[in-house]
Amino acid sequence: MSRIYRRIALYLGIFFFVAFSFFPILWMALNSLKTAAGMLEHPLALIPIVQTPVTLAAYYTVLFDKQFIVMIMNSFIIGFSAAGLSLLIGTLTAYAMSRYHFRWRRDLAVWILSTRFFPAFATAIPLYFMFVNLGLLNNRFGLALVYAGMDLPFVVWNMKAFFDEVPFELDESALLDGCTRIGALFRVALPLAMAGLVATGIFCVIINWNEFAFGLILTSTAVAEPVTVGAGAMMGRRGIEWNGMLAGGVVAILPVVVFALIVQKYLVRGLTFGAVKGR
Amino acid sequence: MGVRKEMVMKMHRRRPLLDRFMVPICIIPTVALIVFLAAYPLAWSVYVVVRTWNPTSATLAAREGYFVGLSNFGYIVTDALFSKSFQNSLYFTIVVVAIEFWLGMLAALLLFEEVRLGRIWRTMCIMPMIVTPVVVGVVWRGLWSSQFGFMNFIATATGLFPDVWLARVEWAMNALILADVWEWYPFFFLIFLSGLYALPREPFEAAQIDGASSLSAFRYLTLPMLAPLIVLAIILRAVDAFRTFDLIYVGTAGGPGTVTMTLSMYSFQYSFMFWREGIALASAFLMMFATVVFTYPLVKLLRFE
Chain A
1 MSRIYRRIAL
11 YLGIFFFVAF
21 SFFPILWMAL
31 NSLKTAAGML
41 EHPLALIPIV
51 QTPVTLAAYY
61 TVLFDKQFIV
71 MIMNSFIIGF
81 SAAGLSLLIG
91 TLTAYAMSRY
101 HFRWRRDLAV
111 WILSTRFFPA
121 FATAIPLYFM
131 FVNLGLLNNR
141 FGLALVYAGM
151 DLPFVVWNMK
161 AFFDEVPFEL
171 DESALLDGCT
181 RIGALFRVAL
191 PLAMAGLVAT
201 GIFCVIINWN
211 EFAFGLILTS
221 TAVAEPVTVG
231 AGAMMGRRGI
241 EWNGMLAGGV
251 VAILPVVVFA
261 LIVQKYLVRG
271 LTFGAVKGR
Chain Z
1 MGVRKEMVMK
11 MHRRRPLLDR
21 FMVPICIIPT
31 VALIVFLAAY
41 PLAWSVYVVV
51 RTWNPTSATL
61 AAREGYFVGL
71 SNFGYIVTDA
81 LFSKSFQNSL
91 YFTIVVVAIE
101 FWLGMLAALL
111 LFEEVRLGRI
121 WRTMCIMPMI
131 VTPVVVGVVW
141 RGLWSSQFGF
151 MNFIATATGL
161 FPDVWLARVE
171 WAMNALILAD
181 VWEWYPFFFL
191 IFLSGLYALP
201 REPFEAAQID
211 GASSLSAFRY
221 LTLPMLAPLI
231 VLAIILRAVD
241 AFRTFDLIYV
251 GTAGGPGTVT
261 MTLSMYSFQY
271 SFMFWREGIA
281 LASAFLMMFA
291 TVVFTYPLVK
301 LLRFE
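Chains as they are written, first to last, in the numbering used here: chain A, 1 to 279; chain Z, 1 to 305.
Extracted from the complex, chain Z is given alone in its bound form (with noise of 0.2 Å):
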């Protein structure tokens, strides 16, 4: 089909005007719009992070400030708040992706059996990926209130967990993750779902006909079988999870007083508060650096012939 392919398309190259340049047509206005949205705003950021930027100040010559080279980078290593930040983040994402992970399976391999209305519980389960993110810290906030909050309420009624888990230094960062699993877990549901269906039978059946136990069938079939599958799924929600902003703005805002705060939060707080876009863009500029590492697998397991 190949060579097929290209004599048609040579066929073509007498053709009109438009048809010649078909493909510089289909591109130009995508790559325009990405280098006006993303390549310039970055290559200014380049600019800006290696200067005392400060969009405060009153001169021109003030705002562009002077070269101070590396230095921003070197303010936030040595920012207890940065490194702070940090571990949060990390923290926060290997929690939550290890937690959503394990019951994103769990519910798939209780989905995938024939139950009776299952369309609607498979509905019923993804609905909290949909919800708005900002919406999530809202419900979440809601529940933990102290006045009207239902979890709230279950704790001081009970007294099986602690109350008030959002305003908690040592409970907020736990507030944060049980709201983020409860609306990504379905993330990895829906996609091991979708592959739980498309795996051949006949190793199952071959498995049980041996009387290899549920267990390791799922342990020697299902797991290696899904591996391609698990590992995109973990890398797309892992970078989502380490660069997650909503949830705690809304949620905590970094609080109680630095308990909560994410690179995310740290980057806003430097740059719409304090107005230090240097520090703000390194901060910025070291997430992308740890992202890109991390991603640089998914290119490989993406379709792209």
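Only chain A is shown next, with the shape it has when bound in the complex (with noise of 0.2 Å):
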């Protein structure tokens, strides 16, 4: 009798959670489905065809009159971008830090990190009048620069965890067949270690999409800002319809959603840099 009751109270408990963590994304979905007026007007219901007719109206709106699909394109291009540039140098980074024991490397290796705990305005700050200057200020390209550092500390940890993962003895046998340093990187360790690449980029990405300070500090127009900052900015400007509040938030985090879940494997060893495997 008494499995029976805890095998309830587990049900219980797993149910609180799930629904206390689905709640506000179903809430948010749902609501974005109605009409400015239907939500006024039928705050409670939650399935929208019930009380209020369902639309995708708030979806146009925002997408086009608000120019979120700009902005779409901004976030995926930085995102991408930024994450691309750091895996390049990164990996090389970890490689090294992985199959060579130079001086300095453990001190090298806390350095990159640490910069992952800054406040984002001790940086912030001098990086906008650096960007002044040097014309980067509301540039896509700008803001990768900024997003692939950010994204380093990631890479370099992870990927040195994955490199290690990979025997040494691979890469000495291709060295001794003649192959350079370089070539057993990219011939041996590399393809052994993709999937913790393409994790680690997709997690990078993920980063990056989320991002909210330097890009509102660094970017200003649809020129340049990526939907986080269209959307934080969308909050602050009146007169904005609420169920396109909501479709903005939905359409913003669908991408990250889609990332998340190929990478959730591996989302325990990101968030840790490489120090819990995760199963």
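It is worth saying that the hints were derived from the structure and are not from the lab.
Note that the Cβ used here is the ideal one computed from N, Cα and C, for glycine as well.
Certain hints may be false.
[Stated by the list, open to error] Computed list of chain Z residues with no C-beta within reach of chain A, every gap over 12 Å:
| hint | residue |
| --- | --- |
| 1 | Y40 |
| 2 | T52 |
| 3 | G69 |
| 4 | S71 |
| 5 | W171 |
| 6 | A212 |
| 7 | M288 |
[Unchecked claim] Heads up, simulated DSBU-like pairs for lysine-lysine below, C-alpha to C-alpha not over 30 Å straight-line:
| hint | chain 1 | residue 1 | chain 2 | residue 2 |
| --- | --- | --- | --- | --- |
| 8 | A | K277 | Z | K300 |
| 9 | Z | K300 | A | K265 |
| 10 | A | K277 | A | K265 |
Each chain sits in its own coordinate frame; assemble them with the hints.
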């Protein structure tokens, strides 16, 4: 008998957590399908079709009138090019850290990691004035550069952990067979760490997509603004329809949710800089 | 293996130029980018933080200002708004980490059990952490809206708790804490869940045979064995909670009045609204100092052999 009660308590507990986590997202998605008037008239109609008409008008408004479609493109371009640049240079560093025991190796790793813990404004303020002088303000390339730097600690630490799992003997035999060191990296170690490379890259895209503070300070119009800044700025402007706000929210999170589902297996690893292997 | 590795690497000393400089080639681009994006800006900040630097002035000389020593730090330590912001940041960090820790632990213990569709429930619980922080602010503002907010509707219909939290002086901070707890308890959940899977089964079986309750098994087996992971997770989360910006900027922007001002908001207002960079940077430096002291143990916990 007590086993049954235990089981019931277990399911109730799980139900609480699932409902708590998922309800706000569901609420946003369902309300984005109402009209502005429908939201006010039926605040509790969770399935819109019951009391208010379902419409995609809010999506049309944010995507085209509020230029979200442009900002989503910006987010994609910035997110992927930053992740790409960061993978390119970070993977090299991670490989060197995994394979060569050079001096200051540990200090360098800690130094790279420490940038992750800076308060954003300690570097955002100087970067703003540097970018004014360099003409990189409100420029996708400029923001991508900043995001690439932001991704580096993740790339270096995670890729080092992935390279550590590739046996050194394999590099060794490649070197003995006459491969150059760069060749050993690209022909042996990297293909074997490919799953890790892809996961790290997608993880970086997620981080870049969700970033806000630097985007807010370094961009100002839809020419370069990522979608987070667009959504945040829309909040501040008067006269914004709430159903549009929520539609914007759905649109802004859709890509990251998909990315996160792809790399779910590696999330723990990514979040802990490779310290926890996960399942 | 170490000796053999050295031998192979030595053999390659007489290899092509590219090979001989492999380590510098691999490291210089990363170092260059970090110098450009972090080290140089920080050096610039050190220069500005001791000056009356005002970018809105018309002439270059006025912009550069003059040397004032540590008086920007003097300004913030005597500024009531700064100490308010500092207290708020500290309070926010301690409260959210404590709640998120226990919720995450509880969720991990529950979903560690074999249940039907377990994978789907786990994924659904992780979702809030994936949602863009700005959107988290938007959603929770909507949920507390006096016109159509769900939380607000429950509050006024049942009278169980007050309504319009975000606009109330005594409740705005709790509204932010609730939103942050919602967003980040999955962080602890996810890390603890994978920690639980990695634990050995034998001690628990032995405890069960000896008749230990599940509570004491948790207290004397699970907690001690997860300890390193717990410290790691708490430090990582606390650092991020301490510098939370997006959620507060969108959720309350420090208001109503100054009741939800935090150090990040303080730095933001002084730098990009009042254009007093010296003061904003002094605040950011104090924040950084607090973070460095706090993260020092982290370096030992992260694997790096």
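Enumerate the violated hints, using their earlier numbering and listing them in ascending order.
-> 1, 7
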